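Asks: Chains A and B, in that order, are what the protein sequence lines are. If you count by the working numbering, then the first sequence holds residues 1 to 358, one letter each, in order. If you count by the working numbering, then the second sequence holds residues 1 to 262, one letter each, in order.
I should point out that these hints are in silico values taken from the structure, not numbers from a laboratory. Nothing here was measured: the structure is a model prediction, and the numbers come from that model. Ideal placement from N, C-alpha and C gives every residue a C-beta, glycine not left out. Misleading hints may appear alongside valid ones.
Stated by the list, open to error - As a list, the in silico SDA-like pairs of lysine to any residue whose alpha-carbon atoms are at most 25 Å apart:
| no. | chain 1 | residue 1 | chain 2 | residue 2 |
| --- | --- | --- | --- | --- |
| 1 | B | K24 | B | A64 |
| 2 | B | K67 | B | T155 |
| 3 | B | K116 | B | T185 |
| 4 | B | K67 | A | L265 |
| 5 | B | K67 | A | W215 |
| 6 | B | K67 | A | V256 |
| 7 | A | K260 | B | K67 |
| 8 | B | K116 | B | L130 |
| 9 | A | K351 | B | A85 |
Claimed, not checked - Okay, the calculated bits of chain A under chain B, using three or more residues with CB under 8 Å as the criterion:
| no. | stretch |
| --- | --- |
| 10 | 117 to 124 |
| 11 | 329 to 340 |
Said to hold, decoys possible - Residues from chain B that keep clear of chain A, each with C-beta distances beyond 12 Å, as calculated:
| no. | residue |
| --- | --- |
| 12 | P79 |
| 13 | T82 |
| 14 | I84 |
| 15 | A85 |
| 16 | D118 |
| 17 | A216 |
| 18 | E260 |
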Amino acid sequence: MSLAVDAPSVHAPPMDRRVQARRLTVALSLLLAVTSVFSLAWGASGTSLWAAMADLAAGRELSRLDRIVLFDIRLPRLCLGILVGASLAASGAVMQGLFRNPLADPGLIGVSAGAGLAAITAIVLGAMLPPAIRELTGNYLVPISAFFGGWGSTLVLYRVATRHGQTSVATMLLAGIALGALAGALSGILVYMADDSQLRDLTFWGMGSLAGATWAKVMAATPIILAALAVTPFLARGLNGLALGEAAAGHIGISVQLIKNTSILAVAAATGAAVAVSGGIGFIGIVVPHLLRLATGPDHHSLLPNAALLGATLLLAADMIARVIIAPAELPIGIVTAVLGAPVFLWILLKRRGALGL
Amino acid sequence: MQAFDIEVTLGRTRVLHGVDFTAKPGQVTAIVGPNGSGKTTLLRATTGEIPFTGRVLLNGEDVARQKPWQLAAIRGVQPQSTTIAFPFTVVEIVRLGLTAGLSAANTDLPVRALEKVDLTGFENRMYQDLSGGEQQRVQLARVLTQIWQPMVDGTPRWLILDEPVASLDIGHQFTVMDLTRDFATRGGGVVAVMHDLNLTAMFADRVVLMQDGRIAAQGTPSEVLTDATLTQTYGCPIPVNTTPPVGMPFLLPQARMTREPC
Ligand SMILES: Nc1ncnc2c1ncn2[C@@H]1O[C@H](COP(=O)(O)OP(=O)(O)O)[C@@H](O)[C@H]1O
Ligand SMILES: [Mg+2]
Numbered sequence: 001m002s003l004a005v006d007a008p009s010v011h012a013p014p015m016d017r018r019v020q021a022r023r024l025t026v027a028l029s030l031l032l033a034v035t036s037v038f039s040l041a042w043g044a045s046g047t048s049l050w051a052a053m054a055d056l057a058a059g060r061e062l063s064r065l066d067r068i069v070l071f072d073i074r075l076p077r078l079c080l081g082i083l084v085g086a087s088l089a090a091s092g093a094v095m096q097g098l099f100r101n102p103l104a105d106p107g108l109i110g111v112s113a114g115a116g117l118a119a120i121t122a123i124v125l126g127a128m129l130p131p132a133i134r135e136l137t138g139n140y141l142v143p144i145s146a147f148f149g150g151w152g153s154t155l156v157l158y159r160v161a162t163r164h165g166q167t168s169v170a171t172m173l174l175a176g177i178a179l180g181a182l183a184g185a186l187s188g189i190l191v192y193m194a195d196d197s198q199l200r201d202l203t204f205w206g207m208g209s210l211a212g213a214t215w216a217k218v219m220a221a222t223p224i225i226l227a228a229l230a231v232t233p234f235l236a237r238g239l240n241g242l243a244l245g246e247a248a249a250g251h252i253g254i255s256v257q258l259i260k261n262t263s264i265l266a267v268a269a270a271t272g273a274a275v276a277v278s279g280g281i282g283f284i285g286i287v288v289p290h291l292l293r294l295a296t297g298p299d300h301h302s303l304l305p306n307a308a309l310l311g312a313t314l315l316l317a318a319d320m321i322a323r324v325i326i327a328p329a330e331l332p333i334g335i336v337t338a339v340l341g342a343p344v345f346l347w348i349l350l351k352r353r354g355a356l357g358l
Numbered sequence: 001m002q003a004f005d006i007e008v009t010l011g012r013t014r015v016l017h018g019v020d021f022t023a024k025p026g027q028v029t030a031i032v033g034p035n036g037s038g039k040t041t042l043l044r045a046t047t048g049e050i051p052f053t054g055r056v057l058l059n060g061e062d063v064a065r066q067k068p069w070q071l072a073a074i075r076g077v078q079p080q081s082t083t084i085a086f087p088f089t090v091v092e093i094v095r096l097g098l099t100a101g102l103s104a105a106n107t108d109l110p111v112r113a114l115e116k117v118d119l120t121g122f123e124n125r126m127y128q129d130l131s132g133g134e135q136q137r138v139q140l141a142r143v144l145t146q147i148w149q150p151m152v153d154g155t156p157r158w159l160i161l162d163e164p165v166a167s168l169d170i171g172h173q174f175t176v177m178d179l180t181r182d183f184a185t186r187g188g189g190v191v192a193v194m195h196d197l198n199l200t201a202m203f204a205d206r207v208v209l210m211q212d213g214r215i216a217a218q219g220t221p222s223e224v225l226t227d228a229t230l231t232q233t234y235g236c237p238i239p240v241n242t243t244p245p246v247g248m249p250f251l252l253p254q255a256r257m258t259r260e261p262c
C-alpha cells in the first residue's frame with residue numbers, strides 16, 4: 001500500500017511563540033505610530049493636521065491658532081496618552097507576574113487608589129508644606145507623592161496577600177477592596193477641604209482624563225515613567241521564573257527578593273506618575289496583558305514591551321473616542337476605558353474561573 | 001553534600017530534630033520514610049527554601065554564603081509538585097532551566113532534555129493541560145536542562161529531587177531512575193526522596209531512612225532495608241526478600257534485571 005515505509009514522519013516546524021511575539025512587537029510599533037498621527041489629526045477644533053503639514057512642507061507659516069492647537073494642546077496630550085497608556089499596561093503586566101496572578105491590576109487592587117490618595121493630599125495640602133520643599137519638588141510634588149502612595153499600598157498588599165511565596169487571590173482582591181475603600185474615604189475627606197479651583201481639578205482628575213495635558217505634566221511624568229519602563233526588561237527573566245513559585249525561581253538562580261523589590265518600585269513609580277497626571281484610568285492594566293498572553297504567551301521578555309506598546313495605542317484610541325463621542329464636550333477617558341474594559345474583564349473571569357480557584 | 005545538625009520548626013512544631021546526613025557525588029542517595037517523617041522538610045531546608053539551624057555544605061562550601069545564581073550553577077532542584085501561574089508551553093517551562101548557569105548558551109538542550117524524559121513531541125503543548133506524571137517529567141527536564149553535565153571542571157553537580165517518580169507509571173519510573181543512575185555514574189550527585197522501597201533497593205547506593213524528624217538508619221540498601229528496621233519505622237511487619245503466598249500475583253521492578261532494557 002505505502003511505499004515509504006521508513007520515511008521519517010513529517011513534522012510541521014514547531015511554532016515558536018518567541019518569533020510571533022517579535023513580529024507582534026513590530027506590528028504594534030507601527031500601529032502606535034499610525035494611531036499617534038490620527039490622534040494628532042483628531043479633535044474638536046477645525047485645525048487640520050494635513051493642512052498644517054502641507055503648509056509646513058511648502059514652507060508657509062502656520063497660523064497662530066493652528067500652532068497652539070497642534071503644539072500646545074494635541075501634542076502634549078498625545079505624549080501624555082502614550083506615557084500613561086504604556087505605564088498602565090506595563091505596570092499591570094509586572095504586577096501580575098509578581099503576584100503570579102492575571103487579575104492583579106494596580107487599578108483593581110487599590111494601588112491606584114493609594115497613589116490617588118497621596119496625589120490628592122499633595123494637591124490639597126501641598127500649599128502647607130514649607131516653601132523650601134515646594135521649591136525643591138516643584139512640578140514633581142504630585143507625582144512623587146503619588147509614587148509613595150502607590151509604593152506603600154503595594155507593600156501592604158503583598159504583605160497581606162502572600163504567604164510562603166504563594167499569593168492568595170481572594171485575600172489579594174479583598175485586601176485591595178479594603179485598601180481602595182480606605183483611600184477613597186480619606187480622599188473624600190480631603191475633597192471637602194479643597195477650595196473651588198482645587199475641586200474642579202480633583203473632580204475631572206478623579207474620573208481619569210487626559211484633557212488637562214500640558215507640557216508641564218508631560219515633563220513631570222516623563223522621567224519617572226521612562227525610568228520605570230527602562231527597568232522592566234531586567235525583570236523579565238525573574239518574573240518568568242516566579243511563575244514556577246518563589247522557591248523554584250530561587251533554584252534557577254533568580255534573586256527573588258531583588259526582583260520583588262524592583263518590581264514593586266517600578267510599578268509604584270509608573271502607576272504613581274500615571275495617576276498623578278491623568279487620574280484613575282482603569283482596565284488598561286488588566287485587559288492589555290491578558291490579550292497579549294492569549295496571542296503570544298506569557299513570556300515576559302516580549303509581554304512587557306508589547307504591553308507598553310498596545311497600552312499606549314489603546315489609550316490613544318480611547319482618548320479619541322472620549323474626544324468625539326459627545327463633541328463639542330468631552331468624556332473623561334476613564335469612563336471610556338471602563339465601558340470597554342469592564343466587559344472584557346468579566347469575560348476573563350468567566351473563562352478562567354476554574355483556573356483561578358475562585 | 002553534607003548536612004549537620006539540621007533543625008526546623010514550622011509554625012509551632014519542631015519538624016526536624018538535629019538531622020545529620022551525607023550524600024556523595026557519584027552516588028544516588030535515597031531519602032525514605034513514612035508520610036510526614038520530614039523528608040520534604042529536610043530537602044527544603046538543605047536547599048534553603050525554609051529557615052533552619054545547622055549547616056549545609058555543597059562541594060565543601062557553606063550554601064548559606066552563596067548567591068542564588070552560584071548555587072543554580074551546581075545544583076538543580078525538582079519540587080514535589082509545581083503549579084504554574086500562566087499558560088506557558090512545555091518547552092517554555094523547560095527553557096527556564098537555560099536561563100541559569102553554564103548551560104545558558106546551549107539552546108538545543110530543552111529539546112534533548114524532553115527527549116530524555118520521553119516527552120518528545122510535547123514541546124508546544126500547554127503545561128496546564130498535561131497529566132500529573134507528565135508535568136513532573138517536564139519539571140525534571142527543566143532541572144536537567146539546568147544541570148546537564150554531571151561534572152564541570154572536576155567539580156560534581158547535584159540533582160535534588162523530591163519524589164521524582166511518585167506519579168509516574170512503571171515504565172517512566174524506570175526512565176527517570178535510569179536517568180538519575182546515569183547522572184551519578186558520570187560523577188554527579190543525586191539526592192532523591194523516594195516512596196517506593198523496591199525502586200530504592202534497585203537504584204540507590206545509599207539510603208537514609210527517616211522517622212519522626214530524625215534519621216532512623218542510613219547506609220547501603222541491604223544495611224537499611226531489613227525486616228527489623230522497616231518494621232520498626234513503618235509500624236507494621238514488613239518482611240524483606242519474601243515471596244507472597246502461592247497464587248497471589250506480584251510484580252517487582254528488580255525482575256527487569258533478567259530482561260532486555262525498555
Ligand atoms: N508549614 C508547616 N507547618 C507546620 N507543620 C508542617 C508544615 N509543613 C509540614 N509540616 C509537618 O512536618 C512534618 C513533615 O512533613 P514533610 O517533610 O512534608 O513530610 P514527608 O516526609 O512526607 O515529605 C509533617 O508532620 C507535616 O505535617
Ligand atoms: Mg514529601
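Asks: Just checking, T82/B versus chain A, shortest CB gap more than 12 Å?
Replies: Its Cβ does come within 12 Å of chain A, the nearest being 6 Å, so this is violated.
Asks: With the threshold set at 25 Å, check whether the alpha-carbon distance from K351/A to A85/B stays at or below it.
Replies: At roughly 15 Å apart (the allowed maximum being 25 Å), A85/B and K351/A satisfy the hint.
Asks: Minimum C-beta separation from A85/B to chain A exceeding 12 Å: can you confirm that?
Replies: violated (4 Å)
Asks: Verify that the Cβ of I84/B lies farther than 12 Å from every Cβ atom of chain A, and report whether the claim holds or is violated.
Replies: violated (6 Å)
Asks: Beyond 12 Å from every chain A Cβ: check whether that's true for A216/B.
Replies: Holds, because the least Cβ-Cβ distance between A216/B and chain A comes to about 27 Å, which exceeds 12 Å.
Asks: Regarding the assertion that D118/B does not contact chain A, is the least Cβ-Cβ distance greater than 12 Å?
Replies: holds (17 Å)
Asks: With d taken as the least Cβ-Cβ distance between E260/B and chain A, does d exceed 12 Å?
Replies: For E260/B, whose nearest Cβ neighbour in chain A is about 23 Å away, the distance exceeds 12 Å, so it holds.
Asks: Check whether the Cα positions of K260/A and K67/B lie no farther apart than 25 Å.
Replies: OK: K260/A and K67/B at ~16 Å, within 25 Å.
Asks: Counting residues of the stretch 329 to 340 of chain A that have a beta-carbon nearer than 8 Å to any beta-carbon of chain B, does the count reach 3?
Replies: With 0 residues close enough to chain B, the hint is violated.
Asks: Measure nothing beyond the straight line between the CA atoms of K67/B and T155/B; if it is 25 Å or shorter, mark the hint as holding.
Replies: Measuring from Cα to Cα gives roughly 18 Å; hence the hint holds.
Asks: Are K24/B and A64/B close enough, with their CA atoms no more than 25 Å apart?
Replies: holds (20 Å)
Asks: Going straight from one Cα to the other, do K116/B and T185/B come out at no more than 25 Å?
Replies: holds (16 Å)
Hints 5, 10, 11, 12, 13, 14 and 15 from the earlier list are contradicted by this structure; the remaining hints agree with it.
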